[in-house]
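So the sequences go chain by chain: A, B and C. Residue numbers for the first sequence follow the numbering used here, beginning at 1 and rising by one. Residue numbers for the second sequence follow the numbering used here, beginning at 225 and rising by one. Residue numbers for the third sequence follow the numbering used here, beginning at 567 and rising by one.
Careful, some of the hints might be misleading.
Unchecked claim - Using 30 Å as the maximum straight-line C-alpha spacing, the simulated DSS-like pairs for lysine-lysine come out as follows:
(1) 689/C <-> 781/C
(2) 762/C <-> 814/C
(3) 784/C <-> 704/C
(4) 622/C <-> 192/A
(5) 192/A <-> 819/C
(6) 192/A <-> 700/C
(7) 762/C <-> 796/C
(8) 664/C <-> 68/A
(9) 772/C <-> 192/A
(10) 704/C <-> 770/C
(11) 68/A <-> 781/C
(12) 192/A <-> 664/C
(13) 68/A <-> 798/C
(14) 192/A <-> 784/C
(15) 772/C <-> 700/C
(16) 762/C <-> 192/A
(17) 68/A <-> 704/C
(18) 192/A <-> 689/C
(19) 784/C <-> 696/C
(20) 275/B <-> 44/A
(21) 663/C <-> 68/A
(22) 39/A <-> 267/B
(23) 818/C <-> 772/C
(24) 769/C <-> 192/A
(25) 379/B <-> 39/A
(26) 192/A <-> 796/C
(27) 762/C <-> 704/C
(28) 772/C <-> 689/C
(29) 818/C <-> 624/C
(30) 457/B <-> 377/B
(31) 192/A <-> 770/C
(32) 770/C <-> 819/C
(33) 722/C <-> 624/C
(34) 267/B <-> 134/A
(35) 134/A <-> 275/B
(36) 784/C <-> 700/C
Just so you know, the hints here were simulated from the structure itself, not pulled from any lab data.
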Amino acid sequence: MILSFDTWQITLFSLAVGLASTVLILPFGITLAWLFARKEWPLKSVVETIVLLPLVMPPVSTGLILLKIFGRRSPLGQWLYNRGFEIVFNWKGVLIAMAVMSFPLLVRSVRTSFGEVNPRLEQIAATLGASPLKIFFVVTVPLAYKGIVAGALLAFSRALGEFGATILLAGNIPGRTQTLSLAIYNFVQVGKDPEAYVLLGITVVLAFVFVWTSEWLLRTEKKV
Amino acid sequence: MDVRFDARVTAIFGPSGSGKTTLLDAIAGLREIASGEIEIGGKTLFSSVRKINLAPQRRNLGYVPQEGALFPHLSVRRNILFGSRRVSRGAAAQSMSMEHVLEILEIGHLLDRSVTELSGGESQRVALARAILSRPQLLLFDEPLAALDIGLKEKILPYLARVRDEFAIPMIYVTHNVTEVLTLADWVLVIRSGRLMAQGLPSETLTSSRAIRAMPEEELENVFTVEFIEADKASGRSRARLSSGDEIFVPYVPTPAQRNIQVRVRADDILIATQRPEGISAANILPGTVRNVEMIEDQSLVRVHAGEIFCVRVTAGAITRLALHEGSAVFLIIKTRSFQLL
Amino acid sequence: MNRIWSYVLRIVTLAFIATAVLLPIGTAARAEEILASAAASLTDALNDIGRSYRQKSKNTVRFNFGPSSGLARQIEEGAPADLFFSADLAQMDALEKKSFVEPGTRRNLLSNQLVIIVPADSKLSISSPKDLLKPDVKKIALAEPSSVPVGVYTSKYMADEGLWEQLKTKVVPVQDVRATLAAVESADVEAGFVYKTDAAVSKKVKIVYAVPIDKGPKIIYPVAVVKESKHKAAARDFMSYLQSAAAKNAFKKYGFVVLE
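Given these sequences and hints, build the entire structure.
The structure is reproduced here in structure tokens:
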């Protein structure tokens, strides 16, 4: 049972889309985190709040909002659909739901790490002739990389555990959009507890490994 | 503040919190200023009127901050070479090869070390090398020795002097330490609370009333160049001659390569006597005449000519007790060990 | 240390990419594939029916299981479902009113029976809804009476019997049927309302009263073709299969009442 094809498929699907979602949000998350940590700009606090929202709102609400944004009825949804991009009832919907829900965790973690990099180092690098891009890649990021990796791991774990927004945006379609979380829900709904526990066990083990590693990285981060 | 200067090494001298670091940061382009103008070598770095604001990268300045700020994730070598792509024009470039800089600062053996293994003095020298090798048109120092203890300060100071002499890069040196100013600077600006209090030659300005008013708590020092006569190891002292011909005893040091050495003595370490004392441990008893007596807040500054002009700080009560005034004949009593060699 | 990390990262990335490539993501179907959004409680029955349909027809049917309200919202927002199989009338009515239902395709397919359950080892004697008024019945679990189908039906039924006003103070609203079962299983409540099909799932509860079909609320599971479907013919074909004898047997097997 544990090694049944379905279980493998669900697990690998969840891991693959989770990985893709994390890779997708990395550049945006890192850039935004840097803007939050180092710059002041108009409406900054508004954007900070919006980024944080998926973390505090019930996932179903976020799912509904995403459905409204990406559904075929919306302008964006129509535009994407005309170009062959189906989001709802598709793995792309799973990807977006995971990305949106895990984004705030990535941003917070990376932002904190950037905040712990001594700005004096960046200033000195500037006086030594380094362009802002060089400073970012050669000074800031290497000094904050542990926080970045920890944030990515945390985001990945969150993506794996994502349910509320996923079920609304991507649907619970076995074999096509069903992730570990959705499968657990399904089994529980029809009373198939043993099957649910198997998947639950897999989820817990994965989450434990990733979150533990993330915390370990943050603990061993040197404060400069 | 409106100031213009042109010197090899200009010191900015003032107590903590007087705005020295802010000034330096502004020059380097690391801080926004509301209005003003900064021009170096004829080139405008900043002008609020003409809306010019060069980024720090383009100002071609080397910055040595208080704690060195070495990049902890890079090796010493990569730190030093960080800014070295910039090439300046002029003869300075020739003398500034990497080997030469490493030699002058004696850090060649540290190249492959990790930055976190360096001692305080070593990391300051590495930071210095890094700034020099970026071939700046100007070096900025923000109290680079402040974080070091006294023994280390004495050790690193000569390196700074060497850098000044070997490479032709002008320096702006921020500090609240008188010794550093007197040793390194050709010109000094005295700052307090963001205002310019005085400027001029270090030896004069630092003992001037205006400077003292700016920094009443700071140490006052007298610095002279003296001629070395001979060393006496057994008795633990050496003899030197003031410009007037009077001789003084200074702590033992083997005969140096150059006859002329710099000595300094704190104004607080000199005693004034109206009679020549007997049976006293101090070896230096210099007869002299009081040039003037000045009261500044609760202290008195007495300038005495005794082979050189000595600035002596005593309490107001002493002035009254000894009835000191211009023209009084006095003796200056200075312990051998109060003379410190630079 | 950094070298090891980069190697690990590289291997892991390759492994994931490999599996992602091999996954059945959006396989192109030569024949048509229809998507049916259906209430989660129909999972087992529909999975069986879907499998047997695959052997009969060249078309395949995929299911999207979820709460009826969520499924309806998805359709309203343009989700590409071809069929909608709801657990209650309210959701289907709402969709029909908003013109999301293909006219003439709606069928009331199934029904269910409302039952009262108690913990398997309960000593209480409850043989009718009126017994729920007894003082030793302190708490009654019920899926959210304002939105979840079984909750809606139960509250209407209780109101019709004139018991709702007194009973509603004892009602503990829970998220769904599964939560109701869990509450009764753990004896945190003395009784609960579920469908007969749900009660069959758990061994730790027993049915003490089954509301007679003709007396009870009209629990209806309607199914219809979605108006914006791009596979209407195939959808209609599957719908008629749902009304075939084979399908009806499958539904009955899981305890549903088939409406003729």
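Quick rundown of the hints versus the structure:
1. 689/C <-> 781/C: Answer holds: residue 689/C to residue 781/C is near 27 Å, not above 30 Å.
2. 762/C <-> 814/C: 17 Å, holds
3. 784/C <-> 704/C: Holds - the C-alpha atoms of residue 704/C and residue 784/C are around 28 Å apart, at most 30 Å.
4. 622/C <-> 192/A: Roughly 28 Å between the alpha carbons, so the hint for residue 622/C and residue 192/A holds.
5. 192/A <-> 819/C: It holds: about 16 Å lies between the C-alpha atoms, which stays within 30 Å.
6. 192/A <-> 700/C: 34 Å, violated
7. 762/C <-> 796/C: This hinted pair is violated, its Cα atoms lying about 36 Å apart.
8. 664/C <-> 68/A: 17 Å, holds
9. 772/C <-> 192/A: At roughly 18 Å apart (the allowed maximum being 30 Å), residue 192/A and residue 772/C satisfy the hint.
10. 704/C <-> 770/C: Distance ~19 Å between residue 704/C and residue 770/C Cα, so the pair holds.
11. 68/A <-> 781/C: 41 Å, violated
12. 192/A <-> 664/C: At roughly 36 Å apart (the allowed maximum being 30 Å), residue 664/C and residue 192/A break the hint.
13. 68/A <-> 798/C: This hinted pair holds, its Cα atoms lying about 25 Å apart.
14. 192/A <-> 784/C: This hinted pair holds, its Cα atoms lying about 28 Å apart.
15. 772/C <-> 700/C: 19 Å, holds
16. 762/C <-> 192/A: Answer holds: residue 762/C to residue 192/A is near 16 Å, not above 30 Å.
17. 68/A <-> 704/C: 42 Å, violated
18. 192/A <-> 689/C: Holds. Residue 192/A to residue 689/C sits at ~27 Å (cutoff 30 Å).
19. 784/C <-> 696/C: 20 Å, holds
20. 275/B <-> 44/A: 26 Å, holds
21. 663/C <-> 68/A: OK: residue 663/C and residue 68/A at ~20 Å, within 30 Å.
22. 39/A <-> 267/B: 29 Å, holds
23. 818/C <-> 772/C: 20 Å, holds
24. 769/C <-> 192/A: 12 Å, holds
25. 379/B <-> 39/A: 40 Å, violated
26. 192/A <-> 796/C: 34 Å, violated
27. 762/C <-> 704/C: 23 Å, holds
28. 772/C <-> 689/C: 11 Å, holds
29. 818/C <-> 624/C: Within the cut-off at roughly 26 Å; holds.
30. 457/B <-> 377/B: 25 Å, holds
31. 192/A <-> 770/C: 14 Å, holds
32. 770/C <-> 819/C: 21 Å, holds
33. 722/C <-> 624/C: Measuring from Cα to Cα gives roughly 43 Å; hence the hint is violated.
34. 267/B <-> 134/A: 26 Å, holds
35. 134/A <-> 275/B: With Cα atoms ~26 Å apart, residue 134/A and residue 275/B stay inside 30 Å; holds.
36. 784/C <-> 700/C: With a Cα-Cα distance of about 27 Å, the restraint between residue 784/C and residue 700/C holds, given a limit of 30 Å.
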